[in-house]
Amino acid sequence: MPRPREFDENAVLDSARRQFWETGYAGTSLADLTAATGLGKGSLYGAFGDKHALFMRTLEGYCSDAVADARDELSGDGRAIDRLTAHLRISARLDVENSPGRGCMMAKAAAELGSFDPAVKELVSASFTRWHDELAACISRARDEGDVAADVDADTLAWTLLTVIRGFEALRKGGVPTEHLRAAFDQVVETIPRPVSASSS
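Quick note on our numbering: the sequence shown kicks off at 5 and runs consecutively.
In short, the hints are calculated from the structure, not lab data. In this text, a Cβ means the ideal position worked out from N, Cα and C, and glycines have one as well. Please note that a few of the clues may not be correct.
Using 27 Å as the maximum straight-line C-alpha spacing, the simulated BS3-like pairs for lysine-lysine come out as follows [to be verified]:
#1 K125 x K177
#2 K125 x K55
#3 K45 x K55
Here are the in silico distance ranges between beta carbons for each label pair [to be verified]:
#4 A90 x Y49: 40 to 48 Å
#5 H56 x P197: 38 to 46 Å
#6 D155 x T38: 50 to 58 Å
#7 E116 x E149: 35 to 43 Å
#8 D159 x S33: 37 to 45 Å
#9 V180 x A90: 17 to 25 Å
Using the sequences and the hints given, assemble the complete structure.
Dropping the structure here:
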């Protein structure tokens, strides 16, 4: 009969996620993981498999959380256009002064591994698609509420805005001052097509 695990699996995965998120896949050693999680090699790999399997578990958790956050921010009470604008601002991290942070783990994983790791590429692509779907649904609601032009293609605009979000992260991590990004954000919001009556009022 197998011995029960003497550790909190979710806590271990959270610690491993933070380590991979901070130093990347290649930059994270077994010693880093054992130090971060408090588990020995045998316990760590016995519970989660090899390094790649552990990384995928942490990335899956991150992707699931990111999409859930997007869904929460883009749905709920209030007008959809306000939720959309707030979500874009949160995603672009415009309220964080001079702090590039760790960035998006999905984007980092895709940049490091996506070109040669099919599992990472498939997971990240599916997660961005789910994020796009949440954006498109919010845009459609804003269009139905009369805050976005009736002829706007919600799918195309959603991909455009998701691309903008990812671009903001790249510029922020590259050291572009926050005030420049805020000005660019305001311009992006202004370019969302509005009904003639709304834009001329």
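Query raised in the report: Against which earlier hints does the structure fall short, listed by number upward?
Result: none
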